[in-house]
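Colleague: Single-letter residue listing:
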Amino acid sequence: DVKVTQSSRYLVKRTGEKVFLECVQDMDHENMFWYRQDPGLGLRLIYFSYDVKMKEKGDIPEGYSVSREKKERFSLILESASTNQTSMYLCASSQGSQFNQPQHFGDGTRLSIL
Amino acid sequence: GEDVEQSLFLSVREGDSSVINCTYTDSSSTYLYWYKQEPGAGLQLLTYIFSNMDMKQDQRLTVLLNKKDKHLSLRIADTQTGDSAIYFCSFHGQNFVFGPGTRLSVLP
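Heads up: the sequence lines are chains A and B, in that order. The numbering of the first sequence is this note's numbering, which starts it at 1 and goes up by one. The numbering of the second sequence is this note's numbering, which starts it at 1001 and goes up by one.
It should be emphasised that the hints constitute simulated quantities derived from the structure, not laboratory data. Glycine residues also receive a C-beta, built at the ideal position from the N, C-alpha and C atoms. Among these hints, one or two may not hold up.
Said to hold, decoys possible - Each computed DSS-like pair below joins lysine-lysine, with the alpha-carbon atoms no more than 30 Å apart:
1) K55/A - K71/A
2) K1056/B - K1067/B
3) K1036/B - K57/A
4) K13/A - K71/A
5) K1070/B - K57/A
6) K71/A - K53/A
7) K3/A - K57/A
8) K1036/B - K3/A
9) K57/A - K13/A
10) K71/A - K1036/B
11) K1056/B - K55/A
12) K71/A - K57/A
13) K1070/B - K1056/B
14) K70/A - K55/A
15) K71/A - K3/A
16) K1070/B - K1036/B
17) K70/A - K57/A
18) K3/A - K1056/B
Claimed, not checked - If the Cβ cut is set under 7 Å, some of the chain B residues that face chain A in the computed set are:
19) A1041
20) F1096
21) F1098
22) V1106
With the hints as extra help, turn the sequences into a complete structure.
Modeller: Structure (structure tokens):
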């Protein structure tokens, strides 16, 4: 079974801090994704990566950056956290060079910015 | 871009059938997915349908696809309390689009 592990279930940070969210997958998947989930809005794609050191902007990349130095690890960085970034963050991975395969999700990190 | 709509809430009685609907504006995706999210967890793949199919049955789950009306539905037969969750329709292809999710509540 694919396992996607997010480093923290809950995180509380202060406005202006630099925040790192880590995600690791154990199935050698090519693609990794970061979403944020807000009530009534569903999932919105922040960034995705299809290979090591490769990244693509999603629908809402502003205020975020990502890093993929190793195939199994995909990090989301909030450069200067703001209160409107309080949300649930979900990491996912999928296999293959085409993006139509199902995505496997971690359990999420609930981030609160005070 | 792709817009996807779902009703936000659905309540059914245990043992009844549940039907969760999803409408979309456009889709070039080969696969159309249904994911389930239980409280405090990420999304898990529930079932899927190929875009060239009209129907797929998988035990208690039936997926119907009406490409003409751009309508996807998920029917859960004999709904149980363990089916209480949020259900997302999703399209993966050139874009990755998830609906807003339907919260299914199963009443005893």
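Colleague: Hint by hint, say whether it matches the structure.
Modeller: Tested hints:
1. Proximity of K55/A to K71/A is assessed by CA-CA distance (about 12 Å); at most 30 Å being required, the pair is judged to hold.
2. For the hint pairing K1056/B with K1067/B, the CA-to-CA distance comes to about 14 Å; that is within 30 Å, so the pair holds.
3. Under the criterion of a C-alpha separation no larger than 30 Å, the hint pairing K1036/B with K57/A is consistent with the structure, at around 26 Å.
4. Straight-line distance between C-alpha atoms of K13/A and K71/A comes to about 28 Å, which keeps the hinted pair within the 30 Å bound.
5. Distance restraint check for K1070/B and K57/A: the Cα-Cα separation of roughly 27 Å lies within the 30 Å cut-off, and the hinted pair is therefore satisfied.
6. For a cut-off of 30 Å, the pair hint linking K71/A to K53/A stands: about 9 Å separates their Cα positions.
7. A threshold of 30 Å between alpha carbons decides the hint, and for K3/A with K57/A the separation of about 24 Å falls inside it, so the pair holds.
8. At most 30 Å may separate the alpha-carbon atoms for a hinted pair to count; K1036/B and K3/A meet this at roughly 16 Å.
9. Between K57/A and K13/A the CA atoms are separated by roughly 24 Å; this keeps the pair inside 30 Å, and the hint holds.
10. Distance check on the hinted pair: K71/A and K1036/B sit about 27 Å apart at the alpha-carbon level, within 30 Å; holds.
11. As the CA atoms of K1056/B and K55/A are separated by approximately 35 Å, the hinted pair breaks the 30 Å bound.
12. For the hint pairing K71/A with K57/A, the CA-to-CA distance comes to about 18 Å; that is within 30 Å, so the pair holds.
13. A C-alpha spacing of about 16 Å is found between K1070/B and K1056/B, which places the hinted pair at or below 30 Å, so the restraint holds.
14. About 13 Å separates the Cα atoms of K70/A and K55/A, which keeps this hinted pair within 30 Å; it holds.
15. As the CA atoms of K71/A and K3/A are separated by approximately 14 Å, the hinted pair is consistent with the 30 Å bound.
16. Of the supplied pair hints, the one linking K1070/B and K1036/B holds, its CA atoms being roughly 21 Å apart against a limit of 30 Å.
17. Between K70/A and K57/A the alpha-carbon distance is near 19 Å, which keeps this suggested pair within the 30 Å criterion.
18. At roughly 27 Å between alpha-carbon atoms, K3/A and K1056/B fall within 30 Å of each other, so this suggested pair holds.
19. Hint status for A1041/B: holds, given a least beta-carbon distance of 5 Å to chain A, under 7 Å.
20. Nearest Cβ of chain A to the Cβ of F1096/B: about 5 Å, under the 7 Å cut. The hint holds.
21. For F1098/B, the interface hint holds, since its Cβ comes within 7 Å of a Cβ in chain A; the closest pair sits about 4 Å apart.
22. At its closest, the beta carbon of V1106/B sits 20 Å from a beta carbon of chain A; the interface hint therefore is violated under the 7 Å criterion.
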